[in-house]
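Colleague: Here is how the chains run, residue by residue.
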Amino acid sequence: MPFMPVKFTLQKRVKLAQGVWMLYWLSVIVGIVIFSLGIFFKIELRKRSEMMDNNESHLVPNLLMLVGVLACGINAFGGKVCHDSLDPNKFSKWKPMLKMFLLLCCGFNVLLLLVALLCFLMQFAVYLTLAEGLKNGIKFYKDTDTPGRCFMKRTLDMTQIEFRCCGNNNFRDWFEVQWISNRYLDMSNDVVKDRVLSNVEGKYLMDSVPFSCCNPGSPRPCIQHHLTNNSAHYDYDHRTEELNIWVRGCREALFSYYSSMMNSIGALVILTISVDMAGLKYLCTALETMTDPENPESESEGWLLEKGVKETLADVLSKVKMMGKTNQVEEGQYVQSVVTQVFTDM
Amino acid sequence: MAVGRVTFSKAEREKLAEVLWLLNWISVVTGVILFSLGLFLKVEIQKWAEVMSEYGTFYVPHMLITTGLAACCINYLGGQICLDCADTNKFLRWKLVMMPYIICTFFFTSCVLAGALMCYSIRSQLEESLFLGLRNAMRYYKDTDTPGRCYLKRTVDMLQIQFQCCGNTGYRDWFQIQWISSRYLDMTNSAVVDRLRSNVEGKYLMDGVPFSCCSTFSPRPCIQQHLNNRTARLHYDQESQQQNLWRRGCRQALLDHYTGIMESIGLTVLLIWLFELLVLTGVRYLQTAMENVLLLGDPDLESYGWILENSLAEMARSNFNIIKNLGKCYQVDDDPNINVPTAAAEHEVPSQATRIQCSS
Numbered sequence: 001m002p003f004m005p006v007k008f009t010l011q012k013r014v015k016l017a018q019g020v021w022m023l024y025w026l027s028v029i030v031g032i033v034i035f036s037l038g039i040f041f042k043i044e045l046r047k048r049s050e051m052m053d054n055n056e057s058h059l060v061p062n063l064l065m066l067v068g069v070l071a072c073g074i075n076a077f078g079g080k081v082c083h084d085s086l087d088p089n090k091f092s093k094w095k096p097m098l099k100m101f102l103l104l105c106c107g108f109n110v111l112l113l114l115v116a117l118l119c120f121l122m123q124f125a126v127y128l129t130l131a132e133g134l135k136n137g138i139k140f141y142k143d144t145d146t147p148g149r150c151f152m153k154r155t156l157d158m159t160q161i162e163f164r165c166c167g168n169n170n171f172r173d174w175f176e177v178q179w180i181s182n183r184y185l186d187m188s189n190d191v192v193k194d195r196v197l198s199n200v201e202g203k204y205l206m207d208s209v210p211f212s213c214c215n216p217g218s219p220r221p222c223i224q225h226h227l228t229n230n231s232a233h234y235d236y237d238h239r240t241e242e243l244n245i246w247v248r249g250c251r252e253a254l255f256s257y258y259s260s261m262m263n264s265i266g267a268l269v270i271l272t273i274s275v276d277m278a279g280l281k282y283l284c285t286a287l288e289t290m291t292d293p294e295n296p297e298s299e300s301e302g303w304l305l306e307k308g309v310k311e312t313l314a315d316v317l318s319k320v321k322m323m324g325k326t327n328q329v330e331e332g333q334y335v336q337s338v339v340t341q342v343f344t345d346m
Numbered sequence: 347m348a349v350g351r352v353t354f355s356k357a358e359r360e361k362l363a364e365v366l367w368l369l370n371w372i373s374v375v376t377g378v379i380l381f382s383l384g385l386f387l388k389v390e391i392q393k394w395a396e397v398m399s400e401y402g403t404f405y406v407p408h409m410l411i412t413t414g415l416a417a418c419c420i421n422y423l424g425g426q427i428c429l430d431c432a433d434t435n436k437f438l439r440w441k442l443v444m445m446p447y448i449i450c451t452f453f454f455t456s457c458v459l460a461g462a463l464m465c466y467s468i469r470s471q472l473e474e475s476l477f478l479g480l481r482n483a484m485r486y487y488k489d490t491d492t493p494g495r496c497y498l499k500r501t502v503d504m505l506q507i508q509f510q511c512c513g514n515t516g517y518r519d520w521f522q523i524q525w526i527s528s529r530y531l532d533m534t535n536s537a538v539v540d541r542l543r544s545n546v547e548g549k550y551l552m553d554g555v556p557f558s559c560c561s562t563f564s565p566r567p568c569i570q571q572h573l574n575n576r577t578a579r580l581h582y583d584q585e586s587q588q589q590n591l592w593r594r595g596c597r598q599a600l601l602d603h604y605t606g607i608m609e610s611i612g613l614t615v616l617l618i619w620l621f622e623l624l625v626l627t628g629v630r631y632l633q634t635a636m637e638n639v640l641l642l643g644d645p646d647l648e649s650y651g652w653i654l655e656n657s658l659a660e661m662a663r664s665n666f667n668i669i670k671n672l673g674k675c676y677q678v679d680d681d682p683n684i685n686v687p688t689a690a691a692e693h694e695v696p697s698q699a700t701r702i703q704c705s706s
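Protein chains in written order, with the working numbering: chain A, 1 to 346; chain B, 347 to 706.
Some clues are possibly wrong.
[Said to hold, decoys possible] Have a look at the derived ranges for each label pair, beta carbon to beta carbon:
#, chain 1, residue 1, chain 2, residue 2, range
1, A, ARG46, B, GLN587, 52 to 60 Å
2, B, LEU623, A, CYS150, 29 to 37 Å
3, B, HIS572, A, GLU252, 29 to 37 Å
4, A, GLY148, B, LEU623, 54 to 62 Å
5, B, ALA460, A, ALA131, 54 to 62 Å
[To be verified] Cut-off 35 Å, straight-line C-alpha distance, at most; resulting in silico cross-link-like pairs (DSBU-like, lysine-lysine):
#, chain 1, residue 1, chain 2, residue 2
6, B, LYS441, B, LYS670
7, A, LYS47, B, LYS388
8, B, LYS393, A, LYS42
9, A, LYS135, A, LYS12
10, A, LYS319, A, LYS93
11, A, LYS325, A, LYS310
12, A, LYS93, A, LYS135
13, B, LYS393, A, LYS47
14, A, LYS99, A, LYS319
It is worth saying that the hints were derived from the structure and are not from the lab.
Here a beta-carbon is modelled for each residue, glycine too, at the ideal position from N, C-alpha and C.
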């Protein structure tokens, strides 16, 4: 009993071929979209690679670009086959390749599933890389004269302004790090000397943040220095003041940005899989089972699987078992014929 | 002598009609482009409208929007007309509409040209508007508790951050206004009171700037306060000063931004105007050719098409005569139908009788 059989007249076959042809060209466009999304994601990762310590993994965007190109190629070929399938003469030239092509399609769908899964899972890697990278970024903020780190200050300032965030977890991360370089500290000043000496590692720590943490929406001019000292500023309570500086941490801000990007790309890839389904399968089986091959107008039946699901699985399992057994006895042609038989029955 | 006279055979007329139909549809697309350019300009001006003193600059985007809509309608109608012009019978339907349509299109095309020229001439007015607007915005920077001005501080801060500028002409503009609100000033502090008293208008002025003037390219942490005091900081030399704050004034930054946008829009509108002129010329040729064919009687004959029937000088002369004669129709001596009363009064009764006889 075939699985999900459908009867096809000539009209229905023509309609199916046209519909599947459109679907394939739609898939080509989706393939192009996936390719450009891969490029976009790669550019976004490169833009902020300094925030991730230049350590970020480009696996996902590279895979997306590869998958996009493959999708274009495979679906364009499928479209061509659909276009030719309406004429049984042209179709006969494609017939021997069809099984191979269907296998390729199945493999490609598995690859797409893998890429979608990676999109969702790699977010954890991005989170960890961001945490490490931001910690180092804040540490090297003052090193504008060290080659290789001169632009860390600028990058971190622009990130804090653009993403409306301050520090790694929150603004207090700036209190634990010396973010003013020694070249701009007046070491002859007693206050400065006291502060440096009071610290175990000799760092100049203070309860201040850089200007890029300031919130433009605050009703009062930005308070950057002596943030925890209420008496240093008129009418200021650091516990209730919310609008003065950004309260969100940059790790959270950047992570939500990247995770939303990866989630939407993953969703699009899953959509592509569902679009790439068994349309062509119906068509080629329909043509194969034509009762009278010479008369194109005869009815024919199409299906997804020749036997029912359970039977097909049982068949495949038994064939695989046989394959295992025959490997011990005889190789080469017999195994090859069994493999072809397994795939023919699918 | 006709201006630009060209002969058209029947096939050529039909070809012209087809080509014009296609060009009219392309013009509908350019009309949509014009409309969206106007919309884009309006949105861009709206974004920073708070720092512009008057909204006089809105007339350019509104003009572009209306011209774009008009282009769509006129060219759609033109497409319909040109489609029908291929056949002399269908042309009769449109015969009376053609001339007004062409005159309308001519005026509309001049509006497009006016729109393009306006885009280029707006610079001086924009500069004035920005100067006044920014001055007021900076003055009201501290008034975050006054309704209607609460968001001015945020707008100015975002403007300075985004356009990498500071103040109106430069950062020193901030030294001349009080940008810290009195509610955040400790009036019991003698230093604050001194500063307020030292100023004629009682304003708290200082040589400091808001945080949004800070340059992200500076290698050292931003110096916002005591900018005139060289000794307040270590190694605050010329180079540090150059890189510390944004050097450009916001008026210049915004002016450059908008001039760039307007110049590209102006160029696009000029190109669209040239295209519309081409379509107008084609439609005029088609109209005159079809009318001449109708005059000849046989639709298969060749006919002449032209832009103007007589030369420009003759047309001007005939128009002038028409205008002269318009004035003359109210004068009495020339018209024989008007009864001019003569000096003798006794002629009145018989003349009255005569008039009555005539009318009965």
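Colleague: What are the numbers of the hints the structure violates, in ascending order?
Modeller: Checked against the structure, the hints that fail are numbers 1, 2, 9 and 12, while the rest are satisfied.
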